[in-house]
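The residues making up each chain are set out below.
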Amino acid sequence: MKWLLIPLVVMGLTGCKHDGSPGHASLMDTIQESTRPNRNAGLSSDVGGAALVEVEHTPGMLIRSREAALEKFPCQSCHIDLAKVSREQRKAHWQVELKHASETVMQCSTCHFETDVNRLRTIAGKPVGFDHSYQICGQCHSKQAEDWAGGAHGKRVGGWAPPRVAQTCVECHNPHSPGWSKRWPAVAGRARFGNE
Amino acid sequence: MNDLIQIQPAAQGTKSGLEQLLERQITRRAALGTVAAGLAAGVGLAQTAINPFASQESREKTRLEWQEFFQGNFRLMTDDEKTQTVERLERLYELQTGKRINVDAAGHHENVLYGYAFNVSKCRGYMDCIKGCIRENNQDRQSGMAYIRIHEHKTGSTDFSHASDTFFHEVPAAGHFYMGTQCFHCQNPPCVDVCPVKATWMEPDGIVVVDYNWCIGCRYCMAACPYDARRFNWAEPQVPDEEVNPNQHYLGNRLRKRGVVEKCTFCIQRSRQGKNPACVEACPTGARVFGNLLDPGSEIRWILANKKVFRLKEDLGTEPKFWYYMD
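Quick mapping for you: the protein sequence lines, in order, are chains A and B. For what it's worth, our numbering labels the leading residue of the first sequence as 1, then goes sequentially. For what it's worth, our numbering labels the leading residue of the second sequence as 197, then goes sequentially.
Keep in mind the hints are simulated off the structure, nothing from the lab. Positions of the beta carbon are idealized from the N, C-alpha and C atoms, including for glycine. A couple of the hints might just be wrong.
[What the hints assert, rightly or not] With a straight-line Cα cutoff of 30 angstroms, these simulated BS3-like cross-link-like pairs (lysine-lysine) come out:
1) B:Lys-509 x A:Lys-155
2) A:Lys-143 x B:Lys-471
3) A:Lys-182 x B:Lys-295
4) A:Lys-143 x B:Lys-350
5) B:Lys-503 x A:Lys-143
6) A:Lys-182 x B:Lys-327
7) B:Lys-350 x A:Lys-182
8) A:Lys-143 x A:Lys-84
9) B:Lys-278 x A:Lys-155
10) B:Lys-327 x A:Lys-155
11) A:Lys-155 x B:Lys-295
12) B:Lys-278 x A:Lys-182
13) A:Lys-99 x B:Lys-350
14) B:Lys-394 x A:Lys-143
15) A:Lys-155 x B:Lys-394
[Claimed, not checked] If you want the footprint, here are the derived chain A segments under chain B, 3+ residues with CB under 8 angstroms:
16) 65–74
17) 108–121
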């Protein structure tokens with residue numbers, strides 16, 4: 001009887017699926033054991049031609065320069081002598097409507113200096129360039145800022161391959177009215193019935 | 197006449213062309229293919245003989261279609277055969293429509309294993325992903341096929357039997373949240389195990405693919421998939437010529453035929469070039485993250501290490517490479 005047991009035990013041990021392919025039990029191990037810097041097969045992403053700046057305190061993370069993208073930067077070109085500003089240019093900020101938290105917390109001067117218009121202002125009154133506006137947002141939204149720096153919040157520019165370029169806060173959220181609106185889905189319901 | 201078929205005695209150390217031909221090792225499939233090509237040539241010849249209007253092009257088309265009918269499993273092809281196969285597809289499309297497409301047969305990259313993360317807190321049900329996917333992957337417009345489904349759940353429930361994937365109203369709806377499903381590219385894919393003809397497999401970079409020419413349409417894989425990731429072409433897929441995405445991959449978004457199974461390939465034609473899948477690029481909320489699981493510096497690795505993640509039906513042991521997470 002005990003001789004019968006031996007082949008049974010052997011079959012039990014070897015009967016599982018072992019075909020040399022990366023088995024199911026090893027996926028998390030494979031991922032966790034992969035700790036050396038990866039060249040990603042030398043692939044690279046096309047991130048467009050925009051000027052890039054490094055995110056402070058986050059090695060390897062880039063964003064598109066806001067100052068380079070702003071048409072009328074530096075702001076002083078208008079604000080220093082408003083008399084010289086054309087009628088059209090004067091309308092530049094008329095559409096700004098502040099819908100961000102409550103009036104007791106958020107006013108123009110929460111983020112902007114009244115004199116140094118080329119830079120943003122932290123709560124403590126320190127200047128921050130427009131390129132690094134995420135530092136202004138991150139003062140209150142620290143959880144989001146942490147997720148963004150890690151890669152769990154926000155949207156990538158280009159593909160998955162290096163360099164790592166991310167959209168910065170204000171590319172998705174209007175800082176004066178950061179909420180997202182409702183809208184209709186891009187695909188109608190009836191168009192999705194072909195799935196069996 | 198005799199002179200013509202007489203075999204000349206071969207010079208020392210060399211063999212005549214006919215001898216080489218006769219001694220050549222040939223597989224059954226290749227032999228059938230050669231015979232078929234001969235037949236096709238014959239048919240073409242007969243066509244021309246009967247119909248003086250049959251053009252050079254129609255003969256070429258017939259020949260290519262016969263060759264395609266007899267092509268082998270993609271995984272057994274040599275690099276040369278792969279090149280011939282994709283060039284044949286390109287030429288056939290050109291003969292049919294007069295337009296050029298580019299069919300890629302690029303293989304995997306070393307030290308790359310693709311993975312996906314989906315932020316349940318961020319998805320707002322806009323379905324830009326579905327639209328992007330349909331266009332990128334040349335999916336049948338007639339049946340409304342879509343690889344991705346967006347499920348609208350009532351807050352507090354993750355029961356898919358009570359969720360709707362056919363909703364059409366302004367989103368996000370109050371008191372609801374959204375979850376997308378598609379092929380999860382399981383590391384232990386049950387769909388691959390059940391395929392009786394080995395027409396579907398997992399590539400070394402983790403992408404589960406289908407050789408549409410080898411698929412017999414038995415739909416076992418659809419029955420085996422616990423996530424409803426696979427789709428079947430009941431009719432000839434219809435894609436308007438002007439909407440066809442010309443950048444294609446043999447294992448990805450090339451045009452399919454009636455009677456074969458297809459599914460998400462993580463946009464293999466894009467991801468193997470370092471790009472993000474079309475759904476990731478189309479998503480305006482940033483709820484979709486894609487990357488290399490073997491790169492410790494990648495965003496997806498940060499999510500796995502720092503966020504609370506879960507996968508669907510983890511108890512089945514299918515090991516999907518698709519994680520959900522929350523803010």
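If you check each hint against the structure, which ones fail? 3, 8, 9, 11, 12, 14, 15, 16 and 17
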